[in-house]
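So the chains spell out like this:
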Amino acid sequence: MTDTVITYPDHHEPTAFTRDMLGWLPWLEPLPEAELTDRHRHGLVEPARAKNPYFMLLARDPDILGARTRTDKDIFYNPNAGLPRAERELSAAATSRLNGCIYCASVHARFAVQHSKRDQDVDKLLAEGVGADLGPRWNAVVAASVALTAIPLTFDTDTIKSLRDQGLDDLEISDLIHGAAFFNWANRLMLSLGVPKA
Amino acid sequence: MADIIDQLVGIQPGTKLDGIRAQRQQARDNAQASYLALFQPDSLADMSLSERHAVAVFVCVLHGKPDIAAFYAEDLGAEARMIEVEAALAITTGPYGKYPEGVLSAEDVAGPPYTPGHAAALGPRLAAALAHAHLLVFHPRDAAPEALQALIDAGWSTTGIVTLSQLISFLSFQIRVVVGLRALGASSDPKGSPVG
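From first to last, the protein sequence lines are chains A and B. Just so we're aligned: 34 in numbering that gives the first Met the number 0 is position 35 of the first sequence, and the numbers increase by one with no gaps anywhere. Just so we're aligned: 2 in numbering that gives the first Met the number 0 is position 3 of the second sequence, and the numbers increase by one with no gaps anywhere.
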């Protein structure tokens with residue numbers, strides 16, 4: 000059996016939030032590629048993920064990995080109406096910034112910039128945190144993500160009103176809820192099963 | 000079976016929230032599939048059903064959601080009360096924790112350590128699982144290899160740790176979706192009628 004923890008004594012993990020591409024080192028042994036079955040491949044969803052240690056570690060329980068990934072894809076990639084992709088990514092980046100997931104924040108900060116072209120605002124979020132002033136609409140998106148992340152959860156009808164005041168309709172608000180909620184799932188896996196590397 | 004998020008939010012067919020969820024049907028179906036993968040799994044070799052429900056009750060109470068905890072407690076029997084008492088003692092605020100030493104150290108937030116109070120009654124596996132749940136719910140950025148070693152020392156396999164981590168993290172998602180959609184349902188839309 001491979002029930003041992005993997006440590007990296009000489010590893011220096013990133014110490015600041017960044018938009019740079021980061022890697023990730025697992026603290027538990029990923030599933031060896033030679034042990035992949037069709038069920039594992041269904042859980043991985045994308046064949047290329049057989050090369051990714053994060054997904055190969057999660058593939059040890061393939062059914063929940065597959066359902067997790069398919070939930071993720073619809074929340075962030077479904078193009079039919081709803082919250083603009085940039086703001087779905089902003090909710091993910093803000094949630095990751097608050098929870099302290101440097102790896103997740105780097106990925107979704109890059110996507111937020113790619114879809115919004117607002118690199119200065121995204122960098123301000125990474126540098127200053129969720130209190131950064133990003134303009135009224137982005138401030139409302141970030142504040143709602145925070146209200147749905149910090150415990151006790153304070154997301155309520157006043158939060159909904161603050162989003163409606165910025166022009167979000169009900170489907171857009173639902174997309175924001177799901178984006179922030181999903182990253183409370185993803186951040187916990189990324190933070191607790193391994194460590195980012197520059 | 001019933002969609003669990005619909006059930007916990009109180010979404011009725013044909014309502015506005017039902018329509019909103021239908022526009023993200025793949026997410027809706029796979030949130031349900033996630034629930035089924037964790038609570039009606041094909042294999043219980045690495046984490047028992049009672050361990051799954053006990054951790055779920057604990058996580059829901061930590062989030063201040065006893066009504067959602069009650070849903071998971073239905074299948075737990077007499078042990079549920081002990082888990083609820085244990086969770087009530089463990090409640091704090093989050094997220095807290097330390098960053099790797101450097102510029103972010105100024106943002107370190109101190110928080111209470113947690114050791115299960117009923118460790119003997121819980122047994123080593125469940126006591127270790129609850130300690131890990133507290134870490135992930137309130138201060139996930141304090142996670143370290145030592146936390147995983149503690150689970151292995153208590154008898155958890157690598158696969159069992161993956162399942163436990165997914166279960167805690169999935170509930171962190173499910174609870175927030177329920178809280179968010181309840182607020183959306185309770186708020187009047189711009190035309191003045193409730194959207195639920």
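Source of the hints: derived by calculation from the structure; they are not laboratory data. Accuracy of the hints is not assured; some may be wrong.
[To be verified] Between beta-carbon pairs, the in silico distance windows are:
| id | chain 1 | residue 1 | chain 2 | residue 2 | range |
| --- | --- | --- | --- | --- | --- |
| 1 | A | Gly166 | B | Ala185 | 44 to 52 angstroms |
| 2 | A | Ala49 | B | Gly9 | 35 to 43 angstroms |
| 3 | B | Gly13 | A | Thr14 | 45 to 53 angstroms |
By construction, the Cβ of each residue, glycine as well, lies at the ideal position given by its N, Cα and C atoms.
| message | Output the indices of the hints that this structure fails to meet, ascending. | response | As far as the earlier hints go, only 1 is violated by this structure.
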